[in-house]
Each structure stands twice: as C-alpha cells, then as structure tokens.
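2 protein chains.
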Amino acid sequence: MGCAPSFGIQILIEEELALAGIEWLIEAFGCPEGALRTLETLDNLFRTIVSEMKLKPVGNSVWHRFPDTGGMTGFWLLQESHLAIHTFPEFQSACLNVFCCTERPPIDWESKMAGLLGATEIRVREYLRIYKK
Amino acid sequence: MGCAPSFGIQILIEEELALAGIEWLIEAFGCPEGALRTLETLDNLFRTIVSEMKLKPVGNSVWHRFPDTGGMTGFWLLQESHLAIHTFPEFQSACLNVFCCTERPPIDWESKMAGLLGATEIRVREYLRIYKK
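Protein chains in written order, with the working numbering: chain A, 38 to 170; chain B, 38 to 170.
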C-alpha cells in the first residue's frame with residue numbers, strides 16, 4: 038500500500054511501536070428501499086465520506102446491481118484503502134466498510150446514514166488493522 | 038444484494054429471526070516482500086479462496102499497484118459480497134477482508150496465508166454482519 042507510516046496510528050504494543058489503520062464496519066437499518074436501489078444516492082454517500090474524511094480515490098467507484106432484488110454493491114479504491122457497500126433493499130438495510138490505513142477521525146456516521154440513506158438505526162464498530170507489529 | 042435469505046445465518050435475537058453474513062478480517066505478517074508485490078501471487082490467493090469457499094465472482098478482480106512501495110490493493114466483487122486485500126511489502130504484511138453474506142465455514146486461513154503468501158503469523162477475526170434484524 039501507499040500509506041506513509043508517519044501518518045499511521047502508532048500503538049505501543051509490548052514496547053514496540055506498531056502501525057495500524059482503522060476499519061469501520063457499519064450496518065444501517067430502516068432505510069427506504071428506493072434509496073438502496075439508487076446509484077446516485079449511494080454514490081453520493083461515497084462522495085460525502087471521501088470529501089468529509091479528506092480521502093483520495095484511485096480511479097472511479099465500481100458498482101454492480103443484483104437483478105433479483107435490485108440490491109447494489111459498490112467499491113471505491115482509495116490511496117488510504119477502500120470503501121465498500123452492500124445494500125439489501127428487501128430488508129431495508131445496508132452494510133458499509135470504510136478502511137483507512139492512516140489516522141483519521143470518524144465522521145458522524147449516524148447523521149450521514151440518516152440524512153443520505155434514510156436509516157433509522159445504525160450500528161458502528163471500529164477495529165484496528167495492524168500492518169506493522 | 039442478491040443473497041437468498043434462506044442461506045443466511047439465522048440468529049435468534051430478542052425472539053426475532055435475524056439474518057447475517059460473516060466478515061473475516063485477517064492480518065498476515067512475516068510475508069516475503071516479493072509475494073506482496075506480485076499480482077499473480079495475490080490473484081492466486083483470491084482464486085483459491087473463491088474456489089475453496091465455493092464463491093461466485095461477478096466479473097474480474099480489480100488491482101492497483103502503489104508506485105512508491107509496490108504495495109497492491111485488490112478487490113473482487115462476489116455474488117456473496119466481496120474480497121479485498123491491501124499489501125504492505127515495506128512491513129512484510131497484508132490486510133485481507135472476506136465478506137460472505139451467506140453461511141459458509143472458514144477455510145484454514147493459517148495454512149493458506151502461509152502457503153500462498155509465506156506468512157509466518159496471522160491474526161483472524163470473524164464478525165457477524167446482520168442485514169435483517
């Protein structure tokens with residue numbers, strides 16, 4: 038990857054300096070089905086995350102629509118790792134991954150997922166991804 | 038997404054039947070730098086995971102090489118969600134995501150990452166991704 042180590046999160050593990058990224062696993066519930074089937078809506082979510090977290094995309098986002106449910110999968114490669122989303126309109130839900138290999142504060146996931154996807158409930162988990170032990 | 042609910046993992050939560058996928062977050066350490074810079078090696082890892090877990094790709098995997106370190110990012114969209122990998126040759130490490138929205142036993146991550154990437158140590162975490170509460 039192209040992450041400059043000086044920007045990574047530095048964690049003292051057993052007296053050695055480790056470097057880690059952060060991955061957010063986010064589930065959104067209660068979203069209107071239409072939003073979860075609409076490329077423009079999902080692309081706008083990606084662009085908002087990229088803009089607010091000051092991420093640097095590599096190329097364009099890639100999208101696929103599943104014909105049976107209209108659910109969408111999207112992926113965007115970043116200098117800092119990636120965004121991925123899977124939507125389940127049949128269950129009014131979506132699963133989002135945001136992986137940053139450099140330190141970055143989270144954005145307000147709840148208001149973004151509510152405002153952009155219409156989510157009424159979200160679950161956010163944040164994990165360290167250590168790449169230098 | 039195109040996941041048939043009947044194949045999802047069913048979890049009884051507060052007396053309601055939930056549906057969930059599984060995401061594995063895997064870190065591999067001690068890998069030879071050359072392996073982490075070689076598209077064929079990484080593509081072979083993806084193909085082995087797809088084959089052994091009986092996953093169904095949608096299109097081809099997508100790869101990007103970071104010019105400064107030679108690190109690679111790869112992504113493969115699946116009917117069952119996605120694979121993603123980021124390699125850090127400068128630290129002899131890689132971060133892998135395997136997201137399956139349908140039930141599937143894990144493969145032997147340790148032997149695969151050792152055999153295919155030359156990893157001497159791995160860390161595997163497994164998380165439920167609930168998409169129907």
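Just so you know, these hints were derived from the structure itself, not from any lab.
Heads up, some of the hints might be wrong.
[Said to hold, decoys possible] Calculated pairs, BS3-like style, for lysine-lysine (alpha carbon to alpha carbon, straight line, at most 27 Å):
no.	chain 1	residue 1	chain 2	residue 2
1	B	93	B	169
2	B	149	A	169
3	A	169	A	91
4	B	91	A	149
5	B	170	B	93
6	B	91	B	169
7	A	170	B	149
8	A	170	A	93
9	B	169	A	149
[Stated by the list, open to error] Computed footprint of chain B on chain A; a stretch qualifies when at least three of its residues, placed anywhere within it, have a C-beta under 8 Å from a C-beta of chain B:
no.	stretch
10	82-88
11	110-120
12	142-153
[Claimed, not checked] Residues of chain A placed beyond 10 Å of chain B at every Cβ, according to the derived structure:
no.	residue
13	70
14	71
15	77
16	95
17	96
18	99
19	101
20	123
21	170
None of the values given here were measured: they were computed from a predicted structure.
By construction, the Cβ of each residue, glycine as well, lies at the ideal position given by its N, Cα and C atoms.
Hints versus structure:
1. 93(B) x 169(B): The given pair, whose Cα atoms are some 22 Å apart, holds under the 27 Å limit.
2. 149(B) x 169(A): Holds, at about 21 Å.
3. 169(A) x 91(A): Roughly 24 Å separates the two Cα atoms, so the pair holds.
4. 91(B) x 149(A): Outside the cut-off at roughly 35 Å; violated.
5. 170(B) x 93(B): 26 Å, holds
6. 91(B) x 169(B): 24 Å, holds
7. 170(A) x 149(B): Roughly 21 Å between the alpha carbons, so the hint for residue 170(A) and residue 149(B) holds.
8. 170(A) x 93(A): 26 Å, holds
9. 169(B) x 149(A): Given pair residue 169(B), residue 149(A) holds - Cα atoms ~21 Å apart, limit 27 Å.
10. 82-88: violated (count 0)
11. 110-120: holds (count 6)
12. 142-153: violated (count 0)
13. 70: 13 Å, holds
14. 71: Given a closest Cβ separation of 16 Å, the condition holds.
15. 77: 19 Å, holds
16. 95: 5 Å, violated
17. 96: Nearest chain B Cβ is 7 Å from residue 96(A), so the label is violated.
18. 99: 7 Å, violated
19. 101: 5 Å, violated
20. 123: The claim is violated: residue 123(A) sits with its nearest Cβ about 5 Å from chain B, within 10 Å.
21. 170: Violated, since 6 Å does not exceed 10 Å.
Of the numbered hints given earlier, the model fails hints 4, 10, 12, 16, 17, 18, 19, 20, 21; all others are met.
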